[in-house]
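Construct all of the structure, not just a fragment, from the sequences and the given hints.
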Amino acid sequence: MHTSGPVLFFDSGLGGLTVLREARYLLPYEEFLYVADDAAFPIGRWQEAELIRRILDLFDELIRDHRPKAVVIACNTAFTLAGEALRQAHPDVAFVGTVPAIKPAAERTSSGLISVLATPGTVRRTYTKSLIESFASRCHVRLVGSDRLAELAEKHLRGEAVSDDALLAEISDCFLEQDGRRTDIVVLACTHYPFLANRFRKIAPWPVDWLDPAEAIARQLVRVLGEGASKARPDHPVDRAVFTSSPDDPALVRLLAGFGLVLN
Numbered sequence: 007m008h009t010s011g012p013v014l015f016f017d018s019g020l021g022g023l024t025v026l027r028e029a030r031y032l033l034p035y036e037e038f039l040y041v042a043d044d045a046a047f048p049i050g051r052w053q054e055a056e057l058i059r060r061i062l063d064l065f066d067e068l069i070r071d072h073r074p075k076a077v078v079i080a081c082n083t084a085f086t087l088a089g090e091a092l093r094q095a096h097p098d099v100a101f102v103g104t105v106p107a108i109k110p111a112a113e114r115t116s117s118g119l120i121s122v123l124a125t126p127g128t129v130r131r132t133y134t135k136s137l138i139e140s141f142a143s144r145c146h147v148r149l150v151g152s153d154r155l156a157e158l159a160e161k162h163l164r165g166e167a168v169s170d171d172a173l174l175a176e177i178s179d180c181f182l183e184q185d186g187r188r189t190d191i192v193v194l195a196c197t198h199y200p201f202l203a204n205r206f207r208k209i210a211p212w213p214v215d216w217l218d219p220a221e222a223i224a225r226q227l228v229r230v231l232g233e234g235a236s237k238a239r240p241d242h243p244v245d246r247a248v249f250t251s252s253p254d255d256p257a258l259v260r261l262l263a264g265f266g267l268v269l270n
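Residue numbers (this note's numbering): 7 to 270.
It cannot be assumed that every hint is accurate.
[Unchecked claim] Heads up, simulated DSSO-like pairs for lysine-lysine below, C-alpha to C-alpha not over 27 Å straight-line: (1) LYS135 to LYS109; (2) LYS237 to LYS109; (3) LYS161 to LYS208.
[Claimed, not checked] Each pair of labels, with its calculated beta carbon distance range: (4) SER251 to SER116: 37 to 47 Å; (5) GLU113 to LEU182: 17 to 27 Å; (6) ALA238 to LEU182: 45 to 55 Å; (7) GLY165 to PRO110: 42 to 52 Å; (8) ARG187 to ASP153: 40 to 50 Å; (9) ASP63 to PRO126: 17 to 27 Å; (10) PRO211 to SER252: 36 to 46 Å.
Simulated from the structure, these hints should not be mistaken for laboratory data. Predicted model only: the values in this text are computed from it and were never measured. Cβ coordinates follow ideal geometry from the N, Cα and C atoms, glycine included.
This is how it looks when you write it as structure tokens:
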């Protein structure tokens, strides 16, 4: 682990900001670098082999250029697909991954009916099914793949209009009634989705626990850094954001500023 570099957060778009926000509470003295592969967004539509190659090539460059002290893959699709390959390619780098929060959902459910709201790629992934077999075999777990929610979350975050009807069409399959029981937990298995959680609560047919993994990911980052966590930040380095499409977008600059980031 490099001791002087930034903590690097990676996502395909803006979703990983939910994780960075939690990490900043717990690690106020760290330098953060946010990298969004927005040129590839939405990555759930890529062929798996092509996406793995793209992520590995991009990280060869990122790790060479920035020498991060740790890397947070703040994206279920990227981590469940390429996490193991990244660790093999960079054995000296500490990676913190993002996986659907199926284990805590299984521990918390009262009805035994859980839904996992995710991108189609995460729903398809063997990794996701093995989590269900390992931690939720006594529950009824419904996998709900949404083609559009990550894009709708980006629009919402950028201040564009997103209708309740559009959101309800994407989440309605999460709600199941069976033998007098109802779904009581929905796992938000994409880091974009927590940006819409308050909207989901308003339009849901009944109250459920919307499980956001961001805090758990941030706590794991704290554990990984351990004694290497920065105790002071005397020189106040600027936290930066890099987007692979090199956008020239004043609205994005303002949005990132709200998260304490300067767009490079």
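Notebook entry, point to check: What are the numbers of the hints that this structure violates, sorted from low to high?
Noted result: Of the numbered hints given earlier, those the structure breaks are 2, 7, 8, listed in rising order.
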